[in-house]
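Enquirer: Spelled out, the chains give:
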Amino acid sequence: MKDIVSVDHLRVEFATDGGTVVGVQDVSFTIAPGETLCVVGESGSGKSVTSLSLMRLVEFGGGTITQGALNFTRADGSTLDVAAASAQVMGQVRGNEIGMIFQEPMTALNPVFTIERQLTDGLMLHKGLSQSEATERALDLLKSVRIPEPEQRLKQYPHELSGGMRQRVVIAMAMACEPKLLIADEPTTALDVTIQAEILALINRLKRENGMAVLFITHDMAVVAQMADRVVVMYQGRIVETGPVAQIFENPREDYTKALLAAVPKLGEMKGKAAPERMRLIGDEAARAAQAPRKPRTAKVLLEVKNLTTRFPVKGGILRRTMAQVHAVEDVSFTINVGETLALVGESGCGKSSCGRSILRLIEPTSGEILINGNDIRALNRPDLRRARADMQMVFQDPFASLNPYRRLRAQVAEPLQNFNLASGADLEARVLDLFDRVRLPRDFMNRFPHELSGGQRQRVAIARALALNPKLIVADEAVSALDVSVQAQVLNLMMELQEDLGLSYLFISHDMAVVERVAHQVGVMYLGRIVEIGPRAAIFDNPSHPYTRSLLSAVPIADPATRRFEGDMNFKPISSPIFPLGHQPAKSQYTQVAPGHFVLQG
Amino acid sequence: MKRFLTTKGLIGIVLLLIIAAVAIIGPMVIPPDAATAMDMTARRAPPSMRHLFGTDQLGRDMMFRVILGARTSLEIAVSAVVMSIALGLPLGLISGYFGGFVDNVLMRLVDTLLAFPALLLALTISAVLGPNIQNTIIAIGVAFTPYLARIIRGEALRVAQMPYVEAARASGTTDGMIMIRHVLPNILPAVIVQGTISLAFAILAEAGLSFLGLGTQPPAASWGLMIQASRDQLDIAPWTAVVPGLAVALTVLGLNMFGDVLRDILDPRSK
Amino acid sequence: MKRRDFLRNSTAVLGGGFMGLSLPSALWAQETPVSGGTLIWGHSETTQNLDMHQTGTASSGRVLQNIHSSIVTVDKDLNVIPGLCESFEVAPDGLSYTFKLRPNVKFHNGAVMTSADVKYSFERCKDPATGAVNFEVFNNVAAIETPDDLTVVIKMSAVNAPFLSRLSENGAGVIMPVDSGPTQGTNPMGAGPFKFVSYEVGTVVKMARHDEYWEGPAFLDAVEAREITEPTTRLTGLRTGELHMINDIPLDRVGELQGDATLQVKTWFPLNFDFINMNHTFEPFQNPKVRVAFDMIIDKEALMQGALWGQGATTPSPSFPTSAAYNKDLKQRAQDIEGAKAMLAEAGYPEGSLNIVFKATTNYPYHIETAQILVEWFKMAGVNLTIEQLTWADWLSQCWVDKDYQMTMMNFFSLWESDFLYYSVWNSEGAFNYRAIKDPVIDELTAKARVTVDDAERAKIYQAVQKQIWDESHDIILWFRNGTIGAQPAVMGLDTVVHPNGSNLNFHKVWLKA
Amino acid sequence: MTYVLNRLLSVILTLFLITLVTFAVTNILPGDVAMMIMGTQSNPEALEGLRESLGLNDPLLMQYGHWVWGMFTGEWGNSLIFKKPIAELLLQKAVASGIIVVMSMVIALALAVPLGVWAAVHRDKWQDTVSSSASLLGVSLPDFFWGIVMILVFARWLGWFPSSGFVEPSEDPLGTLQRAFLPSLALGLGLMAHLTRMTRSTMTGILSQEFIRVARAKGLAERTVIWRYALANAIGPVITIAGLQIGYLFGSIIVMESLFGYTGMGWLTYQALLNRDLPLIQSTVFVIAAVVMVTNLLVDLLYVVIDPRIRLG
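Note that the protein sequences, when read in sequence, are chains Y, C, X and D.
So the first sequence is numbered by my numbering: it starts at 1 and just counts up by one.
So the second sequence is numbered by my numbering: it starts at 604 and just counts up by one.
So the third sequence is numbered by my numbering: it starts at 875 and just counts up by one.
So the fourth sequence is numbered by my numbering: it starts at 1389 and just counts up by one.
To give a feel for the contact side, a few chain D residues facing chain X, derived at Cβ under 7 Å: (1) 1438; (2) 1469; (3) 1544; (4) 1647; (5) 1649.
Below 16 Å or equal to it, Euclidean Cα-Cα: the simulated EDC-like pairs (lysine to aspartate or glutamate) are: (6) X:1277 <-> X:1157; (7) D:1472 <-> X:1074; (8) X:1080 <-> D:1559; (9) X:1253 <-> X:1212; (10) Y:155 <-> D:1695; (11) Y:258 <-> Y:42.
The set of hints was computed from the structure by calculation and includes no laboratory data.
Positions of the beta carbon are idealized from the N, C-alpha and C atoms, including for glycine.
Based on the provided sequences and hints, a complete structural model is requested.
Expert: So this is what it looks like as structure tokens:
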């Protein structure tokens, strides 16, 4: 049978102020009917440019297809070179014969139109349906993507739907005209892990039912392992390697593919290991060498959090009085030992970040105790708090936003030292140099501005800044989430190395179970502001005892094509709202100990 | 590296350089009397070899007036904008950074001022302080302050929520230092862009004030005063409006084009 | 009768010889007036208060004078002549005035005017609660007696020689029907040639012919006074034909309009006189040499050409040009910059040592132009003059009331009565002596004039006052300014429109050619 | 609903502050209406009598209290110069100004939106430069300049519109619109410049959003994508910005209405200011401020109608 798509030596260029930039070059691949082709690569690899070229949408981003053919087999069996097609023909192809879904479900729907209108306009355009026929078909589509109460959804606006539901709507829109090819550009990247599982399962089912081909763009090797029939690995605008999924994972030929795979933490690969371990990165000999000596763990408690509760007022009414409260953190208790890592894991909105910020009192907790070395943080006045913060530092998620774009890195790393008059003049310079060395950044970066660094380098600067005051505790709030996988691995290794060298403790806040398994000594699973399960890492991963922990773990894609998880429909319990009326007194958190140090929330 | 000197930017810079040169060199080469010397035999003379840009209702040479008026106009506009920034910056910065009660009080005040016809404000200022250049600057500066405070507040609010501000706070930086080191540099580009736009409005505001007798006092020349004076003779002596109008238009055009360049120059990202 | 009145009035006006009309005057004389039509007049100013007693502005008076008639009025030389009265008589002791009223004068409401209406009107004006601007005219009035329907006798408590003249001015002498006071502000009513119809604030005042007007009905069916304050806009309205006539053509445009064959332009003088004021409490101006030197710096003719575009005539005296009091012997000082310099040096102010602020009001744009021209001459004489522009309200408050100025200029529209003019403006006790002039000679002369009964004698005294003002250069009298009217060719009888006082416009004899 | 009440409360608070500032500012102004009425006829004695009869001699606090209380109870008093009830004057003039404010806004939006969209679609191309230069020229010359140009071109040379004046809509509705058109056009042109810039930047932001790409991926024509999908999102912010210009407009009508002899609120304000008619100044300024604030409130509420996202939040 004829291939649906045959891309031949595609080259796309972008005109910028600085001259012409090549987006992709020499890209060739084919997609057979009913096949899922995954294009995988890190940011800047050109994977999205490739998919946008197939739709000829790349032009709207300032790109031009300067070379190559994009042959697409149309419904009538004829072949169309998309690269040369007229705007009118493309209008017939787009949305009709090729459907596309995008990364951001939150912005992929027009906020001012109803779901119905957005679902039906394509149908009326391409299939010539009447309004009522289109509405009927839209209803069927919503049912097929398993949206509850579809009739009601049609009348709703996008903002009234959750992110997962929106992505289902976007998929329904892409599927509306029963295309022969579905292009999915990072369709689950912005979603929580359970919703990602649902969406991946949905795409698999629809593909099976409709016999269409899927071009799946992602950066996540674990997702590739779960979804792909064949894989295209891209790097810097070129194809590195192509092959069936099993071959790519089991027997990669190219060094780049190997390095990429080595950087991916696989859920379950830490089974039976007592302590966190740095990742074995290809080409990172330092990491390998430093692996052996370990500091003996002491059981000295650094941080003790007791019954921490943080609530945000929801203001309303004429007098802007508090009408309700968001119970962001509810009766949370845990301890972190010196030199150890506690990972708080959970999905968005579970309160893990609020918990981290409450401990530094960047937001004010409502009640509870925070003791660092026995010193009650909540009892401190402002000047004392300022001093106490020297012991606790924070690393943020977004490496682009956590550094001031207008200051040189030297100044930003030196700032904490200057704040406490810890160093000045040559001494300050030496300390800053030392910090740059520590985080393995070239010394001449000191004179640079943040934009001159890559994401991983910036995160190193953020770590250096956090280290400046010799803190005992670092709260790392999704510190590696925004990084490409190879960079993520390097930063994780750096953090673990610093822990070993300096005896740091981490409160590691993350949504990524695989990463958490790598770095944590202790793991706390948060859900709706509470810790539902907490204990040693092994206990949590080997013997998940709370239903939520179990569903979370079952939803994690595993970077191994041999264990495919998302075949049937998956449906997880949606997270309920943490907003309660004023005066609502939630029950105390009561825990059952299922094993030594392993506690599970009752009820 | 981004090429920040685009053709547009280059035109802007050249325009401003010419205008600045005229404003600075003009008074050195042209005797100050040239702007006020009257020729009653050539009142409202159209442009000719004798008077390149024509003359006004008192037979004064429009070319000399527009050149010698440049300094006055720019002086007033720049000082007034600088003043409104000097007033609006702390107001907006504090309001946006601290938020809450302080913000509420300050913004209520700004709302109140914004609801006032600027003419009433100007009239009061002129009546209380008397008409001269300083008071013109004060009147325009005060009238512009709430707008700037508004814009600066919005920017400060945005920046105050950035993680690097939180990071600075976490590392023990005091509020004052955060405002100076982190918030200020990040809102400055927006302030500068707004400032360049305000400059254009300030030049015109001076024209509006001379409606009330405030502003530059005759016989001295300023673009605003000249445009105002052209009001009653636009149909018979259009050059009296076109000449100063073109001067303002070119300055505004230059400022706007230059504003973009300036923003790029200030932004380390574009280097 | 009507025809004769018409001719008499027009000759009277023409006889003044101060009228200029761009069309040959013979042209209209041959036409026979026809009745009908609505005249649309682009009025230069805003009518504010419709109550003739309360309104003080020339602008409101200009409109309301068509609705009201006054008990006495003035001829072209400002001599008081009968109006609504047939005759008046002043007792030899000056303490009693007797007016014989015209019979069968009809108000707009149809009522016939009687002595009760006169008594009512005068008492209303006198009552401070009315808020009349001219209430002090009646200050010395002790009693108003009405022996019969057509006789009014006014008893004075003290002699007030200018009483009759003041009655002929705006407001004070108008007769309103009894008890019409409360509605005068919304529905002004009198015995004038036109009835009030409607008023939209700032937009238009509409008037219709009063068929029973005592001097005979007007030709026009109606007059619409549209208020268009912006000169360019008003001019455009005339040019596009939206307006039949406009008053106050911008001075700089008079020449241009006169050259336009499709329009009539009428100018007359005097509309007012202008003078430059020096504050006598300001030290340099206490020295008469400085004042005279300043006078010598100014070329009045050139200044008039510059600021008024020739629409005026220079004068050394502020007296009404045709009045007996006008001192014809005086000549303005010629410009002599070198002489002025020498005199200033003599007075202790060598070149460059005098810095003077000249306050001018934006209310009169030609004052600003005047000031700008002065700056140039003063610069030549080594005096540094700087201009400060003030709004009308600020000028009144700073210069007029607080006397907080060094130099300024002003004009007067209506101070033509000699006592009113010289006593209030130049007497040290004068209400309008905002220059703080204290000249014993003038004080003595003006006081003496008040009790001098003989008219010729009084005129001589006022001529002496003018000489003293000129000798001492207390103020620098500049010129009489022209009044201007522009109109469509169809508007006839334009020569009758201007009241002898130069400010009011009367449409009684105006007509529209079909 | 609470949102509406909330905004209302803050509007009321601001209005109260406005009464205070207005009163203070107007009382700082030297000169008074008595002086203005008498003009050069004024002498101390006459002034004093007039002041007394106009009630200008009461203590300030009493005057303020009197005024604020009057505003509440609908007793707005009389204009000192026009001798008419202020409430009646304002009502009449507010209608006149309402017409040109709405008309100029419509003209401005009708020109600015297409121009702004056009510039945004062709960002950084010649079309963008043309659009931004045109709007810059608009703001480079004062309103009255454009006003005079309108009078000369449309009234004097072409004779299409009356050059000035105002007629009551009840008398001649067409005439009212004819007379409102030129001042509205002049005001609209000045306003357009600003709105074009804002439309351009709003549209630029929207065109870079994902849902635009989604719409294109559906195969919708580019025309539909821009004029339906994108514009539907831009119209809310553009209207909000347009609403904020109401304040600017009320400032501009002061000059523009005087120029065209179009007697609305702007003209009334100017007359009140020039004549120091304190009760009238206070009331006009208060009413203008109130109208500006209420318009902004209405625009906010309109936004709620246009943008479904605001309804829940």
